Amino acid sequence: MAYAIFKTGGKQYRVAQGDVIEVEKLEGEPGAETIFSEILLVGAGDSILIGKDLKGGSVVAEVVEQFRGPKLINFKFRRRKGYHRTVGHRQHLTRLKIKSIPA
90 MAYAIFKTGG KQYRVAQGDV IEVEKLEGEP GAETIFSEIL LVGAGDSILI GKDLKGGSVV
150 AEVVEQFRGP KLINFKFRRR KGYHRTVGHR QHLTRLKIKS IPA
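For the sequence shown, the positions run 90 to 192 when this note's numbering is used.
Incorrect hints may appear among the rest.
What the hints assert, rightly or not - Below, computed lysine-lysine pairings styled on BS3-like, alpha-carbon distance capped at 27 angstroms:
1) K114 - K160
2) K186 - K144
3) K170 - K96
4) K100 - K188
5) K100 - K141
6) K100 - K144
7) K188 - K144
As the list claims (entries may be wrong) - Pair ranges (Cβ atoms, derived):
8) M90 - G177: 18 to 28 angstroms
9) M90 - D142: 26 to 36 angstroms
10) K165 - M90: 38 to 48 angstroms
Keep in mind the hints are simulated off the structure, nothing from the lab.
A quick note: this is a predicted structure, and the numbers were derived from the prediction, not measured.
Backbone N, C-alpha and C define an ideal beta-carbon position, used for all residues, glycine too.
Construct the complete structure from the given sequences, taking the supplied hints into account.
See the structure below:
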């Protein structure tokens, strides 16, 4: 089965056709297509193509939904100083379904 490794949002993702992944927020409404041209590696069976061998290839994905991730709690505390602070954060995410990868 063919797979690809591509880069978006400062992170790298290993995907195959039909996979559903969550990445940092990308522009696009649900149903829109997104093309990732920064491919690092493509593997199919015994053959592997890396970097410069992938000229013109791209991973095509469909935006499934835009959503926010779970709430993450950060608790700051300084012992013996009477200081404590709670900060929450929710990341904006995009769920993608991989439609095709380069041959």
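Here is how each hint holds up against the structure:
Proposed proximity of K114 and K160 is supported: the alpha carbons are some 16 angstroms apart, at most 27 angstroms. For the given pair, K186 sits about 23 angstroms from K144 by alpha-carbon distance, which is consistent with the 27 angstroms threshold. A distance of roughly 43 angstroms separates the Cα atoms of K170 and K96; the hinted pair therefore is violated under the 27 angstroms criterion. Under the criterion of a C-alpha separation no larger than 27 angstroms, the hint pairing K100 with K188 is consistent with the structure, at around 20 angstroms.
Between the alpha carbons of K100 and K141 the distance comes to roughly 20 angstroms, so the proposed pair stays at or under 27 angstroms and holds. For the suggested pair K100 and K144, the alpha carbons sit about 21 angstroms apart, so the restraint of at most 27 angstroms is met. For the suggested pair K188 and K144, the alpha carbons sit about 19 angstroms apart, so the restraint of at most 27 angstroms is met. Between M90 and G177 the beta carbons are some 40 angstroms apart, a value that contradicts the proposed interval 18 to 28 angstroms.
A C-beta distance of roughly 20 angstroms is found between M90 and D142, which places it outside the suggested range of 26 to 36 angstroms. Between K165 and M90 the C-beta distance comes to about 46 angstroms, which sits within the given range of 38 to 48 angstroms.
Going through the hint list in order, the structure does not satisfy hints 3, 8 and 9.
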